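A.B. asks: Let the sequences and hints guide you as you build the complete structure.
Residue numbers (the working numbering), protein chains in the order written: chain A, 1 to 151; chain B, 1 to 445; chain C, 1 to 386.
Calculated from the structure, these hints are not laboratory results.
The structure presented is a predicted model; accordingly, all values stated were derived computationally and were not measured.
Treat the hints with care, since some could be wrong.
[To be verified] Straight line, CA to CA, 20 Å or less: simulated DMTMM-like cross-link-like pairs of lysine to aspartate or glutamate:
(1) Lys11(C) with Asp225(C)
(2) Lys279(B) with Asp297(C)
(3) Lys279(B) with Glu130(C)
(4) Lys279(B) with Asp193(C)
(5) Lys143(A) with Glu263(C)
(6) Lys186(B) with Glu247(B)
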Amino acid sequence: MREELSPRGTEAWQPKIVAFLCHWCSYAGADLAGISRFQYPPSIRVIRVPCSGAVNPFYIVKALQCGADGVLVSGCHPGDCHYLAGNYLARRKFALLKGLLEHVGIEPDRVQFSWVSAAEGQKFADVVKMVTDRVRSLGPAEKLVKRGRGR
Amino acid sequence: MAALKITKMALNSVLALMSERWDVFVPSPSPAPGGPSGFRLFEPRPMPAPGKPGPSERDSSVNRQTCDEDTLWNGTGQGGQKGRDRENHLPEERLPQFLRRVLTVKPLKELFFPRSEPILGYCVDGAFGGNGDGTGVSVFMPEGVLPGKPRVVFGARPCDAASLTVLDRVFADEAYPDDFYISRRKNTIIVGLGCNVPAPTCFCPATGGDPFGTAGLDVLAYDLPALDGDGSSQGHYLMKAVTREGEALLGFLSEAHLGEGPSESDERACMALEERARKAIAAGLPADTQSLGRVLGGIFNHPYWATLHEKCLGCAACTYLCPTCHCFDISEEPDPGASRSGGESPKGGPERPRLTGVRVRNWDSCMFPIFTLHTSGHNPRPTGLERVRQRVMHKFYYFPENFGAVACVGCGRCVKYCPVNLDIREVISHIAALGGTGVAESISA
Amino acid sequence: MSAQSPSALTKTLREFCAGLLDEGRVDVVVGFGRGTLPLRSTPVFARNPDDASRLIFDATCENNLSVFVPKLKDKRIAVVAKGCDSRWLNQYILERQTEGERLYVIGVRCQGVIDRKKLDAYLGSRRLLEGRLEEIRGQGECGEGLEGEGAGGTGGVEGAGGVKGAEGVEGARPGPGVSVSDGHIKWHLEGNDAEGRPWAASLDFEDLLSDSCKVCVKKGPVYADVVIGENGETVKGNGETAKGPEREPSFDDVKEVEGASIEERWKAFRSEVSKCIRCYACRQACPGCYCKECFVDRSAPRWIGGSDDETDTMVFHLMRAMHLAGRCVDCGACVRACPMGVDLGLLNRKLQKDGWVLFHHIAGFEREGKPLFGTFLPDDPNDFIL
Numbered sequence: 001m002r003e004e005l006s007p008r009g010t011e012a013w014q015p016k017i018v019a020f021l022c023h024w025c026s027y028a029g030a031d032l033a034g035i036s037r038f039q040y041p042p043s044i045r046v047i048r049v050p051c052s053g054a055v056n057p058f059y060i061v062k063a064l065q066c067g068a069d070g071v072l073v074s075g076c077h078p079g080d081c082h083y084l085a086g087n088y089l090a091r092r093k094f095a096l097l098k099g100l101l102e103h104v105g106i107e108p109d110r111v112q113f114s115w116v117s118a119a120e121g122q123k124f125a126d127v128v129k130m131v132t133d134r135v136r137s138l139g140p141a142e143k144l145v146k147r148g149r150g151r
Numbered sequence: 001m002a003a004l005k006i007t008k009m010a011l012n013s014v015l016a017l018m019s020e021r022w023d024v025f026v027p028s029p030s031p032a033p034g035g036p037s038g039f040r041l042f043e044p045r046p047m048p049a050p051g052k053p054g055p056s057e058r059d060s061s062v063n064r065q066t067c068d069e070d071t072l073w074n075g076t077g078q079g080g081q082k083g084r085d086r087e088n089h090l091p092e093e094r095l096p097q098f099l100r101r102v103l104t105v106k107p108l109k110e111l112f113f114p115r116s117e118p119i120l121g122y123c124v125d126g127a128f129g130g131n132g133d134g135t136g137v138s139v140f141m142p143e144g145v146l147p148g149k150p151r152v153v154f155g156a157r158p159c160d161a162a163s164l165t166v167l168d169r170v171f172a173d174e175a176y177p178d179d180f181y182i183s184r185r186k187n188t189i190i191v192g193l194g195c196n197v198p199a200p201t202c203f204c205p206a207t208g209g210d211p212f213g214t215a216g217l218d219v220l221a222y223d224l225p226a227l228d229g230d231g232s233s234q235g236h237y238l239m240k241a242v243t244r245e246g247e248a249l250l251g252f253l254s255e256a257h258l259g260e261g262p263s264e265s266d267e268r269a270c271m272a273l274e275e276r277a278r279k280a281i282a283a284g285l286p287a288d289t290q291s292l293g294r295v296l297g298g299i300f301n302h303p304y305w306a307t308l309h310e311k312c313l314g315c316a317a318c319t320y321l322c323p324t325c326h327c328f329d330i331s332e333e334p335d336p337g338a339s340r341s342g343g344e345s346p347k348g349g350p351e352r353p354r355l356t357g358v359r360v361r362n363w364d365s366c367m368f369p370i371f372t373l374h375t376s377g378h379n380p381r382p383t384g385l386e387r388v389r390q391r392v393m394h395k396f397y398y399f400p401e402n403f404g405a406v407a408c409v410g411c412g413r414c415v416k417y418c419p420v421n422l423d424i425r426e427v428i429s430h431i432a433a434l435g436g437t438g439v440a441e442s443i444s445a
Numbered sequence: 001m002s003a004q005s006p007s008a009l010t011k012t013l014r015e016f017c018a019g020l021l022d023e024g025r026v027d028v029v030v031g032f033g034r035g036t037l038p039l040r041s042t043p044v045f046a047r048n049p050d051d052a053s054r055l056i057f058d059a060t061c062e063n064n065l066s067v068f069v070p071k072l073k074d075k076r077i078a079v080v081a082k083g084c085d086s087r088w089l090n091q092y093i094l095e096r097q098t099e100g101e102r103l104y105v106i107g108v109r110c111q112g113v114i115d116r117k118k119l120d121a122y123l124g125s126r127r128l129l130e131g132r133l134e135e136i137r138g139q140g141e142c143g144e145g146l147e148g149e150g151a152g153g154t155g156g157v158e159g160a161g162g163v164k165g166a167e168g169v170e171g172a173r174p175g176p177g178v179s180v181s182d183g184h185i186k187w188h189l190e191g192n193d194a195e196g197r198p199w200a201a202s203l204d205f206e207d208l209l210s211d212s213c214k215v216c217v218k219k220g221p222v223y224a225d226v227v228i229g230e231n232g233e234t235v236k237g238n239g240e241t242a243k244g245p246e247r248e249p250s251f252d253d254v255k256e257v258e259g260a261s262i263e264e265r266w267k268a269f270r271s272e273v274s275k276c277i278r279c280y281a282c283r284q285a286c287p288g289c290y291c292k293e294c295f296v297d298r299s300a301p302r303w304i305g306g307s308d309d310e311t312d313t314m315v316f317h318l319m320r321a322m323h324l325a326g327r328c329v330d331c332g333a334c335v336r337a338c339p340m341g342v343d344l345g346l347l348n349r350k351l352q353k354d355g356w357v358l359f360h361h362i363a364g365f366e367r368e369g370k371p372l373f374g375t376f377l378p379d380d381p382n383d384f385i386l
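C.D. replies: In structure tokens, the structure reads:
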């Protein structure tokens, strides 16, 4: 998250979105999107995780605190989890986390969840595009971003 | 100028005048949810045009105080409503009313030893392979850490001021002077306010203090109630200089004709207030703490500690709100988005990453298990027993041994805010009683 | 306070606990005793029949005593449990933190407990020297202190004020059976003002009531080995977990916030968090925070910084709440423990509401099964997923 691609807040501004992708489905879906040359905005920074169920809500909040403009968590479709129920368990946590963040005033569109299978390269590109558009319309994240005190 | 009497209605003008030369801090002792609860910067308001009734005068007509307390309470949105925006705005005009509350929730130490203060800033240039012109680490003093403008605190209670004399022994020690603390201490003048009616949690006399004690103060103010025919609807503050700095402050005010010298009857009123307060606080005091060390030295392994700590939850409410607790932890706070505010990048090229951050000193508490946790995983104070014992021992035994003073000023904050009512006054009395029964001697023998 | 004779409930409680200890059926009774300040109680650990004489129970008993259960080494523990305490005892068993056989639950019917910060807000510069709960029989004793003319009044007390006027006059229902729901119990306060003049007032029970008690879904114990009623009667618990809440949970407070704009909510959250001094009284008072090492104390990885950085404190509060999602029984112990008046309910209650609305889940009513996040249904809400 260190490099700045273009000045914040300008037309050309590209949001930085941290994407937690499950190894078995969404990461493979992203791979397929790449191989198939489906175009999507260069806004995501992918972190591969074993399962969407392994995404501690803390990771999401921490990403926001570290300056991510948005967070995307993507896993296998319900019923297709490699670990049988990881995504089901994740879904409950995410439902409450999303509500909580919105409750304290963080724009709901900054945190998104999706199910993308290994065969859905096009869907992955679409999801990234949609998430990027929504985050872009919100502008750079200001809330919850730790600024630090150094200079 | 050794003493100066101002009317309470003039307090705002006095503080406003002071703010031209000093940063003036006043208590915001509102315990109401949403209310600020420490010392805050006084914000001078524009003076009303001459002839028009000023806000303070208008207010004074409804300032029969019980009524005033209730309007304040009702105004906080309490009493049934769970308001989310319960901002308890404290108009400066109401300051004399708020000053009557005994204590702020957060102690005065915060102005000298903040909960969190950067003590060093650093910048690592080219840490990620920059083009070579700025390699290395630069260390600097973060901006705004050391106070610039001198400060005046108005309305600190004598116990809070006395706590500074305790902290001085640690931070203004000759061998290990703490520049941050000392610089704040040196540029702050403290105007104390004697306690006409101590709170039920107050026990300063048991620690060598007094409701009108002057330790740590530059000026001591007396809250003189309104008398019939003295022309004030709210009464006066009679300020008496304690130190030369205090004298200079009063001189500055008197030059601006903001007060008058005290009369003999004022002096008598002060004496009466002092006497009444001492009498009131004398009831229900715990044992004197000054000789507690003698007992504590012999009861390190006494079974008393096992029963004492049982109800302690292990939070830091007592230590963080204690005006004399001074333990801290130093940690590094790297700036997460450091490169964002980073240096100029060569045209067209990617921005040169920089690693910046600050070293921060934060309050810490002996009540936390992590306080004594070693890197090895060993913890010399593994349970609440050792931690509660440490707190008591430090205040009444180790600190007096090392510095010649009890590390407690009897403000009663820990008594009031402990979530389980672990009352230090009770502890003091229990320990004194252990000494009386000769347990201490028999154990140490 | 000491002058007050013990209530029927307290008398029975003492006798009963002395009996338990005497017979050796439990090793310790965790209960409440009279504190050192007016309207203040303190946890008591009674290990012999004599200690039991220190026990009390009334509306000043604000702590959630179940918090002590994992810390105690005693073999058999009796806990004096309000509704919320008993819900956490259940939760401990559900989360395998203790065994049901180890606990003896002495249920007490609770009418709600005091929030001392509301008392402080009321007192202002007045000093409280005595306080007690009082049954009001006659007329005109309603709180003179409350009739403030509303300078800057937000109308926040209208509800309470209105009710008070009406009921104070109706008055005159004698007998020990009068309960709070009849509106006849008041806080009687005495002390002196900032000039040393004596002062007294009586406030409606609701005025100083903890916020979480106002929305309590079950004031009686959910599971108890014995229940001691308001009039000192003992009822043997049947040992069965009650089926569920006494009333549908209401979330008007949460809905109120949800009605605000996103920026207003952010402002409110910031303002709450700005009060926090990170003393962790909320964490320590919470029975749910039993982690051996809290995430805030971890150094590898270091999740949050220890300074007063606003975002660190926000992350602390968000994650504290998330760790308790689906587990919090809304006892309000964290809110009452906080010395700074941070409204932790702002977060806890939202998670409870969503748990209820989305999953029809409410914590503390089951001793067996799985916690909210330990299970799932295939048709759980999915509409928030892209």
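A.B. asks: All hints, please: hold or fail.
C.D. replies: Results of checking the hints against the structure:
Distance check on the hinted pair: Lys11(C) and Asp225(C) sit about 18 Å apart at the alpha-carbon level, within 20 Å; holds. Proximity of Lys279(B) to Asp297(C) is assessed by CA-CA distance (about 46 Å); at most 20 Å being required, the pair is judged violated. For the suggested pair Lys279(B) and Glu130(C), the alpha carbons sit about 19 Å apart, so the restraint of at most 20 Å is met. This hinted pair checks out: Lys279(B) and Asp193(C) have alpha carbons roughly 16 Å apart, not beyond 20 Å.
With a C-alpha separation of about 10 Å, the suggested pair Lys143(A) and Glu263(C) falls inside the 20 Å cut-off, and the hint holds. Between the alpha carbons of Lys186(B) and Glu247(B) the distance comes to roughly 16 Å, so the proposed pair stays at or under 20 Å and holds.
Hint compliance for this structure: hint 2 alone is broken.
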